[in-house]
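S.K.: With these hints in hand, go ahead and build the complete structure from the sequences.
Residue-level listing of the chains:
Protein chains: 2
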Amino acid sequence: MDLSAGGYLVVYNVLSLGIASMLFTTIFLFFAKDRVLPKYRMAIMVSATVTGIAAYHYFRMFDNFIEVFGPEAVDGATYNVGYRYVDWFLTVPLLLVETIAVLALAAAVQRSLLVRLIPAAALMIGLGYPGDARLDLLYEGDASLWGLFSTIPFLYILYVLFVELGKSLERQSAPVQRRIKELRLLLLATWGVYPIAFIFNMGAVASEGGFIAREVGYSIADILAKCLFGLMIFSIARMKSAEDDAEFAKVENREHA
Amino acid sequence: MDLSAGGYLVVYNVLSLGIASMLFTTIFLFFAKDRVLPKYRMAIMVSATVTGIAAYHYFRMFDNFIEVFGPEAVDGATYNVGYRYVDWFLTVPLLLVETIAVLALAAAVQRSLLVRLIPAAALMIGLGYPGDARLDLLYEGDASLWGLFSTIPFLYILYVLFVELGKSLERQSAPVQRRIKELRLLLLATWGVYPIAFIFNMGAVASEGGFIAREVGYSIADILAKCLFGLMIFSIARMKSAEDDAEFAKVENREHA
Chain A
888 MDLSAGGYLV
898 VYNVLSLGIA
908 SMLFTTIFLF
918 FAKDRVLPKY
928 RMAIMVSATV
938 TGIAAYHYFR
948 MFDNFIEVFG
958 PEAVDGATYN
968 VGYRYVDWFL
978 TVPLLLVETI
988 AVLALAAAVQ
998 RSLLVRLIPA
1008 AALMIGLGYP
1018 GDARLDLLYE
1028 GDASLWGLFS
1038 TIPFLYILYV
1048 LFVELGKSLE
1058 RQSAPVQRRI
1068 KELRLLLLAT
1078 WGVYPIAFIF
1088 NMGAVASEGG
1098 FIAREVGYSI
1108 ADILAKCLFG
1118 LMIFSIARMK
1128 SAEDDAEFAK
1138 VENREHA
Chain B
888 MDLSAGGYLV
898 VYNVLSLGIA
908 SMLFTTIFLF
918 FAKDRVLPKY
928 RMAIMVSATV
938 TGIAAYHYFR
948 MFDNFIEVFG
958 PEAVDGATYN
968 VGYRYVDWFL
978 TVPLLLVETI
988 AVLALAAAVQ
998 RSLLVRLIPA
1008 AALMIGLGYP
1018 GDARLDLLYE
1028 GDASLWGLFS
1038 TIPFLYILYV
1048 LFVELGKSLE
1058 RQSAPVQRRI
1068 KELRLLLLAT
1078 WGVYPIAFIF
1088 NMGAVASEGG
1098 FIAREVGYSI
1108 ADILAKCLFG
1118 LMIFSIARMK
1128 SAEDDAEFAK
1138 VENREHA
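First to last, the protein sequences are chains A and B. Residue 1144, in my numbering, is where the first sequence stops; the numbers in between run on with no holes. Residue 1144, in my numbering, is where the second sequence stops; the numbers in between run on with no holes.
Hints in this document: simulated from the structure, not taken from any laboratory. Please read these numbers as outputs of a predicted model, since none were measured by experiment. Ideal Cβ positions, reconstructed from N, Cα and C, are used throughout, including at glycine. One or more hints might be untrue.
Claimed, not checked - Computed footprint of chain B on chain A, listed as stretches where at least three residues anywhere in the stretch have a Cβ under 8 Å from a Cβ of chain B:
id : stretch
1  : 906–912
2  : 1131–1140
Stated by the list, open to error - So these bits of chain B aren't anywhere near chain A, every CB distance computed over 12 Å:
id : residue
3  : VAL901
4  : ILE906
5  : GLN1059
6  : LYS1068
7  : ILE1083
8  : VAL1138
M.R.: Structure representation (C-alpha cells):
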C-alpha cells in the first residue's frame, strides 16, 4: 500500500500531535498532583502514567511511520499496529484504575469494581489485536470475527461503568455527579471510535483511505480518551478536594460547592 | 524553492533560538511556580506547558528544516508548516487559559470568558492552515481567502480580551491593572505579526524572501507571545501573591502594593 503526499502529511501531523498532547499532559499532571488533596494524588499520578506510556508509543509509531512511508523509506519495513495494542494493554486497565481511584470509594467497592473491569479490559485488547494486525489465525480475513469477540468484554465494561458504578454515585455531591456523568459520556464517545476505526481498516485488502481513517481515528480517540479524560479526572479531584476541605478551597481559590 | 547560504543560516539560527527560549522558559517556570501563592500556580504551570509544547515543535521544525534545506538534504522531503499549526492549535487556547487563570476571577466569570475564547482560538488556527500550507482547497491560490476567514475569530478574541475582560479589571490593584494592560499590548503586538508573516508568504509562487520573512516572523512572534508573555504572567502572579499575603511579601522580599 502506498500513501499520497496529502495522506502522508495528515497521518504524520496527527501522530506528532499525539506525541505533543501525551507528553505535555504527562508533565503537567505530574506537577499538578500537588494541587489536589493527598487522597486524590494517586488518581492523578496514574493519569500521568497513562499519558506517559502513550507518549512513548507515539514516539515509536511516528518513527515507524516515517521508516515505512517517509522520503527515505526502508525496504521491507512494515507499519506495526502492535504498538497501539501494547499501549492499550497497559493504559486501558490504568484508565479504569484512575476513574475508580478519583471517586475515593470504600476499598471493598473499589476492589470489586476493578477485579471485574481489569480482566475485561485485557481481554478486549487481546482479542482485537489478531484482527487489526490481519494475522488470519482462524481463517483468511477473520478480522470481523476478532472484532466481534473483542466487543463482548467492551460491552461488559460499559455495563459495569454505567450500571454498577452508577449505584455508588449517589454518595457524591451534585456538581461531582454531573462531572462524572460527563466523564462517562466522554468515555463512551471516544471508546466508540475505536471499533469504527477498526472496521474502516477491516477490508480484505489494505487501502489508503482505510489506513488513514484508522490512524486518524485511533489517534484523536486516544488524545481525547487519555489527555482530556486525565484532565477531567484532575478537575473532579480539584472539586472533591475543595468540598472535603474548606481550607484547601480558600488557599486554591476554589469555590465551595 | 532553494535557499541561499545566508538565508539558510538566518532561519537555522532563529529556529535554534526558538528551541533555547522555549525549553528554558519551560524549565524555569516549572521551578518558579513555587515562588507564587498556590492559587496562582495553575496559571504558571499552564504557561510552562505552552512553552514546553512549543519547544517540542521547534525541535521538530529544526530537524525538518535541515532535512529539506541542509547539506545532506533528503530527496522528496518537504518543509511541514503543519508543525506550527498543530502547535498553535494546542498552545493558543492554553495561552488564553493562563491569562484568565492568573487573574483569579470568580469561577463563573472565568468559564464565561473561556467558553468564548477557546472555540474562537481553535477556529482561528484551523482556518489559517489551509491557506498557509497552500492546500488550494477552494481554488488555486486561495490563501488570502483563508487568511480573511481566520481574521474574523482573531478580531473576536481581541474584542473579548479588550472589552469584556476590561470590565473585570476594576477589581485588580492599580499596579496589577498596569501590568495586565502591558500584557494585552504585548499580545496585540505579537499576534499582529502572524497575519503579516502569513501575507509575506502568500504569493502565487513560493519565494525565498517570503519563506524567510515568514519563518523569522513566526519564530520571533512565538518567542515573545509565549516566553515573554509567560514571564509577564509570572510577574503578575508574584505581584498578586504579595498583595494577597503580607507574610509571603516578607518571605519573598517583595514590596507591598
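S.K.: If a hint holds in the structure, say so; if it does not, say that too.
M.R.: Hint check results:
no.	hint	result
1	906–912	holds (count 5)
2	1131–1140	holds (count 3)
3	VAL901	21 Å, holds
4	ILE906	15 Å, holds
5	GLN1059	14 Å, holds
6	LYS1068	23 Å, holds
7	ILE1083	25 Å, holds
8	VAL1138	16 Å, holds
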